[in-house]
Amino acid sequence: MSFFTQFDFSVIAPSLPFLWEGLKFTAKLTLIAMAGGIFLGTLLALARLSSITPLAMVATWYVNLMRSIPLLMVILWFFLVIPIFTGKPMGAETSAIITFTAFEAAYFSEIMRAGIQSVPRGQVYAGQALGMTYWQTMSYVVLPQAFRNMLPILLTQTIILFQDTSLVYAIGAKDLLKAAEIAGKNYGRPIEMYVFVALVYFVICFALSYLVKHLQARTAIVR
Amino acid sequence: MIKIANISKWYGQFRVLTDCSTQITKGEVVVVCGPSGSGKSTLIKCVNGLEPFQQGDIIVNDISIGDPKTNLPQLRAHVGMVFQHFELFPHMTITQNLTIGQVKVLGRSKDEAHQRALQLLDRVGLNSQADKFPGQLSGGQQQRVAIARALAMDPICMLFDEPTSALDPEMINEVLDVMVGLANEGMTMMVVSHEMGFARKVANRVIFMDNGSIVEDAATEEFFGTPRSERAQLFLSKILSH
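Going line by line, the protein sequences match chains A and B.
So in my numbering, spot 96 of the first sequence is number 97, and the numbers just go up one at a time.
So in my numbering, spot 2 of the second sequence is number 89, and the numbers just go up one at a time.
None of these hints come from the bench; they were simulated from the model.
There's no promise every hint is true.
If you only want the chain A side, here are some residues facing chain B, beta carbon under 10 Å, derived [to be verified]:
id : residue
1  : Gln-124
2  : Met-133
3  : Thr-134
4  : Tyr-135
5  : Pro-145
If you want the ones that stay clear, here's a sample from chain B, every Cβ over 12 Å from chain A, calculated [said to hold, decoys possible]:
id : residue
6  : Ala-92
7  : Trp-97
8  : His-172
9  : Phe-173
10 : Asn-184
11 : Asp-198
12 : Ile-259
13 : Asp-264
14 : Gly-273
15 : Ser-300
16 : Thr-313
17 : Pro-314
18 : Leu-321
Note that this is a predicted model, so its numbers are computed, not measured.
Glycine is no exception: its CB is placed at the ideal position from the N, C-alpha and C atoms.
Taking the hints into account, I'd like the entire structure generated from these sequences.
Below you can see the structure in the form of structure tokens.
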């Protein structure tokens, strides 16, 4: 019996609807964590750069803390600890979404901080000189430029986030990897399933990084 | 209009401005010159509170800049400023650069702001560039847009921080022409500049700064005739010799 005849990839097709459900959750988790992470991350970055010392300190602590703990541990911690505070049990999916948003905010905040600092000081002066308040200067002048400068890196971080979502299988949230594991057990064909989902992860990530490369060339602001 | 009274400023231990005092009355054009590092740009940035100062006060249109209760954004909305490096917003079109302040700060309608923008672009001779981005314009054109952007706010006075020193020589005049036009219309102007030709033509007074202090503050003819301080004489002889 040759090496390849040991595999039976015919189990993939009947599992597709089930895997599709898993992929949908993976995509949902990625998108929510990206949007929420960038929003909270931007606020964290503004806090870190603010002249209000306590605010800057709290933000710095939060970012450094999150960046110093393995993601898998944060996932488990949030899953176990949040119900203690809220007093009611929380589904693995909800827990995963909260965890990833909070965790990714720390990483996105570092990217946005670099982005904000990449905007010349004179741009802030120009906004202020027109009579803009702090928030107006930020929202109309600084952040749009920071965001544009950082778009490729924000997307790269999102690709990493997309791959990292597979870690939620540790708390039993039904993402693409978990779905593959279940389907693999059902058919007694785990290797085939894992090979297939690896391929799915690969194709999506590869397509996204191609998009990033494309964007890098297009979004540069002419100065 | 602008009263600068005994301003001092430190960056940590380093003193950048020492006891600077002067006044600019309505309709006056004052040129501030001096060697680099003498504190000219810092002083003009103090006038609209972009740079904080530790001692003294500046009164603009009867409002104290040093008073922490002053609503600085509100005051700045009526004090136009033009920067050495133009500082147009690179992610907006020329028209958007001219309307953003009018709409978001002054609360004008989009149509009104647009009208005013086109009118001012026409004035600085750039209405054909309305839909371009700043990066597509030459330095001289960008600086003229920057002047129009400041004028769009209908300022009571204008501050110019070395408006021509980042420009190629052939573009300096197109910017100075706009400034001369403004001066002749009676705009109150404080201009940090080394353009002595401009100072001679339109300035009422020339201020000479050195080492963070105002060394000489004289009427234009007097300044170019016989500067009292040796330092100013030396400076003038160096920049007027060729």
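Here is how each hint holds up against the structure:
1. Gln-124: 6 Å, holds
2. Met-133: 6 Å, holds
3. Thr-134: Hint holds; Thr-134 (chain A) Cβ to chain B Cβ min 5 Å, cut 10 Å.
4. Tyr-135: The hint holds - Tyr-135 (chain A) has a Cβ within 10 Å of chain B, the shortest such distance being about 8 Å.
5. Pro-145: 5 Å, holds
6. Ala-92: At about 22 Å from chain A, Ala-92 (chain B) clears the 12 Å cut-off, so the statement holds.
7. Trp-97: Consistent with the label, Trp-97 (chain B) stays out of reach of chain A, its closest Cβ about 17 Å off (over 12 Å).
8. His-172: 6 Å, violated
9. Phe-173: The claim is violated: Phe-173 (chain B) sits with its nearest Cβ about 8 Å from chain A, within 12 Å.
10. Asn-184: 9 Å, violated
11. Asp-198: 19 Å, holds
12. Ile-259: Holds, since 20 Å exceeds 12 Å.
13. Asp-264: Asp-264 (chain B) clear of chain A: closest Cβ-Cβ about 23 Å, beyond 12 Å.
14. Gly-273: 22 Å, holds
15. Ser-300: 24 Å, holds
16. Thr-313: 36 Å, holds
17. Pro-314: Check passes; 32 Å lies beyond 12 Å.
18. Leu-321: 31 Å, holds
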